[in-house]
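Undergrad: As a plain string of letters, each chain reads:
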Amino acid sequence: MNILLEYICDFFDRFLRLLERPLLALQKVIGIHRMAYFFLAPNMILFALFVFLPVGLAIAYAFTGGTEMLIWNRPFVGLENFRRLLSCSSYMDPATCEYDIFWTAIHNTGWYTALNVIGTLLISLATALVLNRLTRGKAFFRAVFFYPVLLSPVVIGLVWKWFLARNGLLNLFVENFGGERIIFMLDVFWSRFWVVYISIWFQMGFYTLIILAGLQAIPNDIYEAAQVDGTSRWRQFRKLTLPLLIPNLLVVTVLLLIRSVQVFDEAWVLTDGGGPGTANTFIVQFIYQTAFNSEVRLYGLASAASVLMGLVLLVLTLVQVWMSKKAEH
Amino acid sequence: MIKFLTRTRHPGRIEPVDIISWIWLFFGTTMIAIPIAWALLSSFKSESEINSFPPTLMPQAASTVEIEGQSKPLSMWQWTTPEGETKEVAMVRRIGIKATMIDPAEPNKKFQVPINEIKQIKDVHFAWNNYSEPLEQFDFVTYIKNTTFVTLVATLLTLLLNSMSAFALSKYNFRGKNAIFVAILSTLMLPLSVIMVPAFIVVVGLNLADNLWGVILATVATPTGVFLLRQYMLTIPDDLIEAARVDAASEFRVYWKVVLPLCAPALAVLAIFSVIWRWNDFLWPLIVLSSPENYTLQIGLNSFQGQFSVQWHYILAMTVIALLPVTVVFILLQKYITQGVASSGVK
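Protein chains in written order, with the working numbering: chain A, 4 to 332; chain B, 357 to 703.
Hint data in this document are derived by calculation from the structure and do not stem from the laboratory.
Please note that the accuracy of each hint is not assured.
With a Cα cut of at most 27 angstroms, we get these calculated DSSO-like pairs of lysine-lysine [what the hints assert, rightly or not]:
| id | chain 1 | residue 1 | chain 2 | residue 2 |
| --- | --- | --- | --- | --- |
| 1 | B | K533 | A | K31 |
| 2 | A | K31 | B | K527 |
| 3 | B | K527 | A | K329 |
| 4 | A | K328 | B | K533 |
| 5 | B | K428 | B | K454 |
| 6 | B | K478 | A | K31 |
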């Protein structure tokens with residue numbers, strides 16, 4: 004392992020030594036402080052190409068129609084795409100919308116987000132409290148709970164698909180307890196339940212760590228003082244821990260919201276692309292299918308949906324950045 | 357061991373909260389371990405075993421015995437006679453509800469047994485060919501190669517480019533510094549999942565569609581990496597850099613020989629995360645790559661399970677292969693990974 008690393012470093016060293024002379028010449032011409040632009044350039048070019056330009060393009064494409072890919076071949080349609088996406092006689096009932104699949108996706112993302120945020124928050128908080136009490140074995144359990152965070156969404160989807168299969172382990176339990184075998188992924192209620200459950204299952208470790216870091220930052224002497232005063236443990240939790248933890252919990256909530264709105268990978272693998280029917284079709288999936296996975300590639304409509312989703316994420320991220328700053332102080 | 361497990365906050369006293377805590381930890385650990393362990397065990401089951409219900413815990417195969425005078429190995433069965441005796445016998449053939457059996461001890465005597473009196477004997481058997489066959493028959497070796505290439509190249513570029521930006525942002529004063537910093541910050545708000553449609557159009561414009569470089573380049577510049585490294589570089593004293601400048605080192609040399617080696621811990625954290633992110637990437641490669649010879653492992657696995665949804669014995673084996681590198685990295689480096697997340701809240 005170390006030999007390999009040394010080899011890579013050596014290779015880079017030789018390669019970069021070639022750059023030395025031209026860079027020194029450049030430095031002499033532009034001055035030491037402008038070398039910063041050279042150091043920034045490669046990253047900024049990539050940011051420009053893959054973030055800033057796409058943002059501009061998304062907005063531009065959102066106002067065009069047709070199926071051509073090149074923007075100058077596409078007719079300008081004004082707000083037509085947004086009108087199609089947003090025209091609904093009742094926003095509570097996707098069936099009454101002109102583009103009902105979009106509203107189904109919004110509804111699905113809505114209930115998924117609500118359940119995922121509440122579930123993950125409660126379970127992460129409980130786990131962090133338990134881990135914080137441990138005097139030994141803390142590192143081990145922290146690692147166990149964190150491990151699924153690192154797994155790939157495809158692996159998570161397949162592992163659970165197998166666990167929930169018709170002849171899988173869970174159905175063995177179901178049958179042993181006197182039930183009928185269930186085809187979980189063809190049932191609207193169960194498939195939705197498992198999509199949320201699996202989200203909580205694999206990401207709670209991440210949020211547990213963040214909450215745990217917050218818990219450990221609470222100084223111990225205020226608990227000692229409370230204990231001397233004879234405050235009950237439940238009261239200590241409600242009056243000391245929870246208020247001191249609120250900044251962290253808010254950051255976690257916003258992070259969870261941002262992640263939930265973008266749900267795609269593991270749900271896609273688990274539900275074979277949103278099934279049964281459209282019970283697990285989420286917004287990112289709607290965008291993906293509209294732009295890449297249908298016979299007519301509707302880049303304009305997909306871009307309009309991206310712009311709407313981007314606005315939601317923009318607001319959420321601004322809130323998060325603002326709160327992180329506040330939590331730091 | 358028992359002493360360790362029964363430790364409590366107040367020695368010699370077990371409170372209800374301690375019991376609830378341990379139940380919570382035990383329950384949580386099982387909930388996480390069971391599905392993964394189940395997939396791992398199942399990945400060694402033969403095709404017939406994997407499709408049978410009720411499933412068995414360990415991968416099994418029918419126990420067989422070679423008997424003189426028989427052309428192929430015979431399967432072993434447990435025979436419970438109506439008198440309640442049990443015997444291990446080998447099956448020669450089966451017609452309707454009657455089976456012709458022989459006793460391995462006396463291979464010449466054949467006898468008839470009703471099939472409801474017999475039960476097949478199975479041994480623990482690991483079907484390693486679940487792992488070797490897909491590697492030979494399908495493109496999985498290509499997928500693994502592609503993923504490894506993407507992961508390594510993207511990680512090296514991420515470390516190099518992000519550390520260069522971080523160096524500029526932490527050690528220089530120049531016009532537009534704040535504007536650039538805010539611009540990088542703002543990229544945090546626009547994850548690839550939101551801008552995937554136009555980002556794909558850019559990739560097509562660069563003629564990188566269905567090309568591994570299209571996957572790599574879009575993911576190399578990460579705001580998280582720049583922030584992480586910048587925070588770390590701010591703690592490196594400027595005197596060191598001044599000293600190097602006095603010694604007439606070029607700016608690039610200062611970056612490469614002075615600052616970068618001092619950043620090793622932060623670079624290591626970023627490297628670990630970059631490897632894990634890139635190895636696990638799904639949505640972006642799914643959009644960029646279209647021909648199977650360019651698929652990464654995750655895309656290959658997903659398309660494979662769509663095409664052959666009944667071949668779970670292959671799917672699970674390949675899933676385990678996809679899961680393995682991340683697991684090894686985690687077991688070796690879990691201390692740094694959990695600390696890295698706790699201290700920086702990466703992604």
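Undergrad: All hints, please: hold or fail.
TA: Going through the hints against the structure:
{"no.": "1", "hint": "B:K533 x A:K31", "in the structure": "holds (21 angstroms)"}
{"no.": "2", "hint": "A:K31 x B:K527", "in the structure": "holds (18 angstroms)"}
{"no.": "3", "hint": "B:K527 x A:K329", "in the structure": "holds (26 angstroms)"}
{"no.": "4", "hint": "A:K328 x B:K533", "in the structure": "holds (20 angstroms)"}
{"no.": "5", "hint": "B:K428 x B:K454", "in the structure": "holds (20 angstroms)"}
{"no.": "6", "hint": "B:K478 x A:K31", "in the structure": "violated (79 angstroms)"}
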